[in-house]
Amino acid sequence: MWKTILRRVLIMIPELVVLSVLVFLLAKMMPGDPFTGSINPRLGQEQIHHLMRINGLYDPWYQQYWNWVVHLFHGNLGTSYEYHEPVIDLIKQRGANTLWLAFFTMIMTYAIGLPLGIYAGKHEGKLQDTLVQIYTYVTMAIPYFVVLVVGIWIFGYGLDIFPTTGSVSAQANGFGPTLISRLGHIILPGMLGALFGTVNIVQYLRSEVIDSKHSEYVKTVRSKGVPMGSIYRHHIFRNSLLPIAAFAGYSITGLLGGSIFTEMVFSYPGMGLLFLNAINFRDYTVITALVLLYGFLNLLGTLLSDIVLSIVDPRIRVS
Amino acid sequence: MSQTKKWLSAGVAVAAVLSLAACSNSKSSSSSSNSTATKIKMSPAYKNTAKATKAGNNSTLKVAEVNDAPFEGITSPTIATNAEDSDVFAPGGSGSLFNVDNNYKIVDGGLANLKLSRSAKTATITLRKNAKWSNGSKVTAKDVEYPYEIIANKDTVSQQYSSDYENIKGMAAYHAGTAKTISGITFPDGPNGSKVVIHFDHMTPAMQFSGNSFIWTTVEPYEYIKNVPIAKLASAPQVRKNPIFTGPYKLDKVVQGESTSWSPNKYYYGKKPNIKHITIQVVSANNITAALKAKKYDFTVGSAPSSQYPTLKKLKTYSITGLPAMAYGYFGFNLGHYDTKTGKNVMDKNAKMGNKNLRQAMMYALNLDAVYKKLGNGVAWRGNTLIPPIFKEYNDAKAKGFPYNMNKAKKLLDDAGYKKRNGSKWRSDPKGKKLVIYFGAMSSSAATEARYQNDLQQWHKLGLNVKMTSGKPMEMNSFYSTLQAPKQNKMDIFNAAWSTSSEPTPTQIYGETAPYNMGHFVSKRNTQLMNNMNNSKAWNAKYRKNQFYKWQEYMNDQAAYAPDNFYMSYTPVNHRVKGYDTSAKNNNFWGGLSLTSAKQK
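Residue numbers (my numbering), protein chains in the order written: chain A, 1 to 319; chain B, 1001 to 1601.
FYI, nobody ran anything at the bench for these hints, they're computed from the structure.
Each hint should be verified, as a subset may be incorrect.
20 Å max Cα-Cα, derived EDC-like pairs, lysine to aspartate or glutamate [claimed, not checked]:
#, chain 1, residue 1, chain 2, residue 2
1, B, 1241, A, 85
2, B, 1487, A, 46
3, B, 1545, B, 1557
To spell it out: a stretch of chain B is covered by chain A in this simulated footprint if at least three of its residues, at any positions, have a beta carbon under 8 Å from a beta carbon of chain A; those stretches are [stated by the list, open to error]:
#, segment
4, 1142–1148
5, 1271–1282
6, 1392–1399
Here are the in silico distance ranges between beta carbons for each label pair [to be verified]:
#, chain 1, residue 1, chain 2, residue 2, range
7, A, 176, B, 1137, 40 to 48 Å
8, B, 1485, A, 66, 25 to 33 Å
9, B, 1467, A, 70, 42 to 50 Å
10, B, 1155, A, 66, 56 to 64 Å
11, B, 1342, A, 280, 32 to 40 Å
12, B, 1229, A, 139, 49 to 57 Å
13, A, 74, B, 1227, 54 to 62 Å
14, B, 1460, A, 46, 55 to 63 Å
15, B, 1102, A, 178, 53 to 61 Å
16, B, 1421, A, 66, 54 to 62 Å
17, B, 1053, A, 153, 51 to 59 Å
Cβ coordinates follow ideal geometry from the N, Cα and C atoms, glycine included.
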């Protein structure tokens, strides 16, 4: 087991190196540079050249790449051209916002999805099952941004129950009120995300439950006279979780990805918007840092998923 | 309201112009089709006759900043690079040194007074006695000088330096790093005193106006930030988290990228402001209409989105206020190249678009009045010159610009020899060679892109074979990197926009040495007219105005750059707000506000 993990971690290193070179090259190949967007007659052309030079943007790419790697090992991801802030600080700020929201959304998604999936599987073919199916298909069919816009319109502006912009109220001061305000700000986007994001969990779980229900071992246990409730708890549920567990790793690392739609509609400053703006403004340092981070998280997610799987199902363990 | 408006980034300006075309079937109440003057009547002020109440003033004034991205959070006007930052930190006074009148001419009465001496070639800036920062310390002469150091420092991230500053004695040496101080800026009563004298090589009338490129018009708290290296200033907590201000309000809290909240600054030199709390919050453009309908905000800083105007103007408890934007859309023609060795633009004799008749014809063929009537949402209209009408003194309201006239356009081409030959569908050039013209434009909303199609159609009707550069509208970065190349032949005509500073001298855009003269139009007359705007005679306001008029007339005649549109920068103001007035001469915008009730009406 540990050998496997170690081997996987070691393979990640060359993968990340290749990824970083690719990202670095692709970012440089995009037309424009960090100063194209800010052409401004009050800023002399010589000054732009000067800014390009002190930022090393005229150096050949391999040299820029090398400088970047050296800085990286000093824990320095560079300074954002757009925000004039160290990229690390920027990611910390936005990452924290995104984590709050994504974590809440994930918990709610599982809290809704797991019971529904089991419930539907248990009542296969009955009215309850049909209702759950209809729910999942409807939520899957509606484009997410429509959900957000309608949601904010009804609950934010119409009923005025939830705040509509930002991650925390401008007037909240002190630890307690800030915490409450933060929670208040993530409930609406988080709940919308959860209510409309359960389709995968429900469908996988439902079909697994149905499969397990008809499998030989369940029949055996049943014939021994074990009550149905206990069978569900001890046998079916655990086995049905396999495919869900396969996602778990991704879900955890995916928390930092952020959602561009949610962040746009709620003016919520998170990682999604940061990434989008970085691309639009050719904020190279932020682009490379984020892509590398996402790449790393994806690799880590795969690894975590495999580990979780091997815990749930010992047969999968590779020697 | 804000005297220190700087040139915004091109990206921002473009976004503002293009957003005007989101909903194409809106009823437009504006711009009659044969008039060139501003037909859209908006007042910069909302006159509220109700009385301000204590409960109202003790409540929170809620202001929205319409933006789809989080703001950057740099309070210092010398290093901030975009309009959002200056908007959300505006109640702090933006470090503004001077008061201005409605023509943005600097007048006495602000944080400091300005005195120009043409004989001594100096500008003397005298701070008022009770000028204080919001932490109680005195505003000093050094605070007036420090921005120049920040802007010109060789490690700076400031995007404000241009060769114009080298008109200050010793500036070039400081900028190059060979001098430690700027020798041309002196303190007659010491750096802690209240007087600064700037010595120039030559004086120019532009110096009388806020937003000129020679005298910087804001202060920096030297004592407070002196320990931060200039290169690191933009990320320092003194600039981001705990900044200090000279205006009517002090910053209580900033939520990075989202909101700022303010309370009265007890050290402010002027009258104590009325309202006890202000918050400014970023709201995405998709949401602003719903937010205002739900009465969540009192008004917006910066303009509300043009596309939302038809809905917003119907709000019952809000009144629309607005001013023409300090910006304009334009068409440019590629006439030559930029010689990087001499640093000058050069017109090519055989340039494809070199014929004046061709350029004029293309402009007359565009039905811009109809376009803006249909797509302008009632806040945009066809521009008539390259000076936006916010500059009442300088915009020639009587100039015609290019009203739609297809017959005239056809005649212009016929006269110049652009004829259809050998039964071709398209006109060829006077020498009989095939003529294909490439039109460069930036990608945007569906309505704006439909508008490009309309432009193409009009030119096709004229008989010109015009195609889009790269087949479709270009992404902003690609567009500008194509256009800014010293020599390019991918775009023969292009559509873009500029924001202007509050001093409209156009030399930095259309001058012979201006790298932003992206169509490379150069002529003796153009250079002369622009020089005249700021020659020694131009200290006479009437003469200066005349030169601006002549220049606009000349540019319209040459049609190397032609106006596309002007638009209103507007906001709905809630009826509980009293004293709202964004006209330039209201130098105490935030301090002058009060509220008539505790809740939005």
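What are the numbers of the hints that this structure violates, sorted from low to high?
As far as the earlier hints go, 4, 6, 7, 10, 13, 14, 15, 17 are violated by this structure, in ascending order.
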